[in-house]
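**Q** Listed below are the residues making up each chain.
There are 2 protein chains.
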Amino acid sequence: MTFTEKLTRSIQSTQSLLCVGLDPVVSRIPQPLREKISDDAELIFEFCRRIVEITKPHACAFKPNLAFFEALGAPGWEAFEKLMDVIPSNRILIADAKRGDIGNTADKYKEAFFDRLGADAITLNPFMGLETLVPYTKDEEKAVFVLVMTSNSGAADFMKRRFEGRTSLSEYIAEELSKLQTGSATHLGMVIGATQSSDLQPVLSAHSSSHLLIPGIGTQGGSLMELQKVLETHKGIPIINSSRSIIYAGENHEDWISMVLNRTLEMKESFKPITEKYVV
Amino acid sequence: MTFTEKLTRSIQSTQSLLCVGLDPVVSRIPQPLREKISDDAELIFEFCRRIVEITKPHACAFKPNLAFFEALGAPGWEAFEKLMDVIPSNRILIADAKRGDIGNTADKYKEAFFDRLGADAITLNPFMGLETLVPYTKDEEKAVFVLVMTSNSGAADFMKRRFEGRTSLSEYIAEELSKLQTGSATHLGMVIGATQSSDLQPVLSAHSSSHLLIPGIGTQGGSLMELQKVLETHKGIPIINSSRSIIYAGENHEDWISMVLNRTLEMKESFKPITEKYVV
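Keeping their order, the protein sequence lines are chains A and B.
If you number the first sequence the way my numbering does, the last residue is 292 and the count never jumps.
If you number the second sequence the way my numbering does, the last residue is 292 and the count never jumps.
To be clear, the hints were calculated from the coordinates, so they are not data collected in a lab.
One or more of the hints may lead you astray.
No copy is singled out in the list; a pair is fine if it fits within one copy or between any two copies.
Unchecked claim - Calculated pairs, SDA-like style, for lysine to any residue (alpha carbon to alpha carbon, straight line, at most 20 Å):
| # | residue 1 | residue 2 |
| --- | --- | --- |
| 1 | Lys68 | Gln27 |
| 2 | Lys191 | Ala168 |
| 3 | Lys241 | Ser210 |
| 4 | Lys191 | Ser165 |
| 5 | Lys191 | Asp169 |
Produce the complete structure using the sequences and hints provided.
**A** Printed below as a string of structure tokens:
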């Protein structure tokens with residue numbers, strides 16, 4: 013099954029474009045759970061496992077962010093690996109690794125995330141050049157999501173500045189990705205921030221068939237209406253990520269589980285105007 | 013002790029600018045060692061431990077590349093952590109992580125590499141903006157080495173192109189780093205490729221006090237003479253990295269240990285014309 017087929021099915025069966033981002037921080041895990049588990053790595057695993065359990069009927073994808081696991085060292089990596097096994101195999105699993113390195117190093121990462129851990133997709137940083145993406149591009153079951161115009165304010169420092177006659181470095185990168193994309197290869201998607209809607213049109217036009225991983229809705233304050241408008245003519249599929257807004261919705265409340273569920277349903281509902289285009 | 017003091021002492025006591033890069037690949041580890049150890053993570057640890065043992069009188073710094081450890085999952089991380097403990101505390105320890113992420117994620121990485129693992133320095137990718145560097149900049153005992161103009165050919169795709177009226181995006185980044193550098197903060201160094209000597213002058217001038225981490229000599233073919241010329245007027249200290257040329261110098265030979273030692277001495281000797289400026 014190609015990545016696009018798997019994504020389409022997952023969206024169909026959940027009727028949702030929501031991706032739940034897993035950014036576990038020990039100090040923000042609900043007190044009732046923290047009281048039960050004293051080991052940090054075990055705790056972040058159990059927290060994420062429950063989040064997956066609660067949200068999976070309503071999320072087409074899950075995106076664990078490696079940094080939060082690596083912060084705990086080897087036990088954190090073990091927690092990450094165990095977590096990969098509890099995410100349902102019919103959902104899209106995006107390893108948010110933001111790696112970007114040359115040939116032999118990229119080969120190692122590709123091996124780790126795609127071959128050994130079974131991720132469907134990985135986020136990559138293109139700064140060191142297109143050759144850093146090539147080791148990942150040989151498998152149509154997989155996708156990469158390249159950082160193109162991220163949701164943070166620092167995107168203005170380099171990505172959003174004019175480059176080679178284009179409106180932005182982001183637009184230039186999108187063009188290069190479009191050239192690199194061939195029929196049966198790995199899908200080359202883009203990470204674009206919901207906070208950047210007003211500057212996204214040229215970027216999307218430059219790689220119009222690209223699936224999109226979209227952070228910035230929720231805690232970061234991106235507008236759904238503006239996002240919907242800019243996506244109107246885009247041919248790729250948007251996956252809308254929410255991390256902290258969902259997973260910490262019930263911070264320290266006894267009934268945190270129902271609060272997480274309610275926030276998830278609210279999010280899914282709020283995405284409906286965008287979702288309708290992609291479900292039957 | 014500040015990072016610069018520690019680096020200066022390490023160069024003084026080894027009379028060397030050599031940094032040994034630790035990029036362990038199971039299939040390239042000498043047969044005699046492979047025969048003894050069947051567990052991959054244990055094998056890469058033991059190989060690196062011996063490389064450190066052999067080369068430490070002649071290397072001012074060591075640079076383990078995270079990717080090669082992460083490829084083995086949690087046991088690989090354990091090997092990496094164990095390795096951090098065998099690198100002598102009077103040598104510079106650079107975690108080659110190439111991370112680049114926003115606020116809360118960067119905080120996690122800073123915690124992992126500086127506070128928990130005790131690295132003296134980390135390599136960072138600046139693509140997502142200057143805010144991704146800020147969490148690392150509060151400690152004068154530490155340094156970051158920012159990817160500015162890397163040694164790979166893909167540097168031509170984005171880094172080496174004109175940007176905001178500068179000769180390159182690299183020059184622009186160097187300028188921004190120079191502005192961000194304040195007296196008692198973390199030292200903001202740069203990664204610049206020895207293969208890029210002809211384009212480095214404007215980059216070095218833009219951040220002239222910056223220590224440099226320089227890959228590209230050895231397997232990648234950068235010229236020492238050209239490098240020496242471009243460093244003549246630079247005020248920061250160059251750390252010259254060699255990974256594969258040294259660690260695989262004795263590939264599959266019974267006497268691989270003496271071959272690694274000889275290659276290390278050759279390298280150190282070849283750097284002498286550059287080293288003289290920095291030793292008493």
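**Q** The structure should be examined with respect to each hint, and the outcome stated for every one.
**A** Comparing the hints with the structure gives:
1. Taking the shortest Cα distances, Lys68 and Gln27 sit within 20 Å of each other inside one copy (11 Å), while across copies they are farther apart (59 Å).
2. For the homomeric pair Lys191 and Ala168, the shortest alpha-carbon distance between copies (17 Å) is at most 20 Å, but the shortest distance inside one copy (25 Å) is not.
3. For a Cα distance limit of 20 Å, the shortest separation of Lys241 from Ser210 inside one copy, 10 Å, qualifies, whereas the shortest one across copies, 46 Å, does not.
4. Taking the shortest alpha-carbon separations for Lys191 and Ser165, only the inter-copy value of 18 Å comes in at or below 20 Å, while the best intra-copy value is 28 Å.
5. In this assembly of identical chains, the alpha carbons of Lys191 and Asp169 lie at most 20 Å apart only when taken from different copies (13 Å versus 25 Å within one copy).
No hint from the list above goes unmet by this structure.
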